[in-house]
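**Q** For the sequence shown, my numbering puts the final residue at 678, and the numbers step up evenly by one.
Keep in mind that the hints were calculated from the coordinates and are not lab data.
These figures come from a predicted structure and were not determined experimentally.
Among the hints, a few may not be true.
[What the hints assert, rightly or not] In silico lysine-lysine, DSS-like type, Cα no more than 30 Å apart, as pairs:
1) LYS640 to LYS673
2) LYS650 to LYS640
3) LYS640 to LYS623
4) LYS673 to LYS623
5) LYS640 to LYS665
6) LYS623 to LYS650
7) LYS623 to LYS665
8) LYS650 to LYS665
9) LYS650 to LYS673
[Stated by the list, open to error] Simulated restraints on C-beta separations:
10) THR589 to SER644: 26 to 32 Å
11) GLN668 to ILE586: 29 to 35 Å
12) VAL657 to MET585: 24 to 30 Å
13) PHE620 to ASP661: 26 to 32 Å
Backbone N, C-alpha and C fix where the C-beta goes; we use that ideal spot for every residue, glycine too.
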Amino acid sequence: MITTTRYDVAEHLRTPEEMAMYLDACIEEADGDAAFIAKALGDIARAQGMALVAEKTGLSRESLYKSLSGERVPSFDTILKVTQALGVKLHASV
């Protein structure tokens, strides 16, 4: 019997550059799905340590897990706090 293990992208996001490239790729692929982008931010937050991100944002760890689970769409205020805490920036281009 073949056994598989669950892949956790957060375990593979090691550098700020990798995290930024991952977020850019997710934004590109999201096709307007805000929950998908929130999940990507959650992956990066888990890579950096959710407790540390919670402390930097002033939000509870539980609230962050819920907001960044991909099951709901967090407020834009939460997104801004999280991106600032993670050290990543949202940008627009044409």
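**Q** Could you run down the list of hints and mark each one as holding or not?
**A** To see whether the hints hold, each was checked on the structure:
1. LYS640 to LYS673: 16 Å, holds
2. LYS650 to LYS640: Roughly 17 Å between the alpha carbons, so the hint for LYS650 and LYS640 holds.
3. LYS640 to LYS623: Since the Cα atoms of LYS640 and LYS623 sit roughly 19 Å apart, the hinted pair holds (cutoff 30 Å).
4. LYS673 to LYS623: 16 Å, holds
5. LYS640 to LYS665: 8 Å, holds
6. LYS623 to LYS650: 10 Å, holds
7. LYS623 to LYS665: Holds, because 15 Å separates the two Cα atoms, which is no more than 30 Å.
8. LYS650 to LYS665: 15 Å, holds
9. LYS650 to LYS673: Between LYS650 and LYS673 the Cα gap is close to 22 Å, so the pair holds against 30 Å.
10. THR589 to SER644: 26 to 32 Å: 30 Å, holds
11. GLN668 to ILE586: 29 to 35 Å: 43 Å, violated
12. VAL657 to MET585: 24 to 30 Å: 39 Å, violated
13. PHE620 to ASP661: 26 to 32 Å: Given a distance of about 19 Å, which is not inside 26 to 32 Å, the answer is violated.
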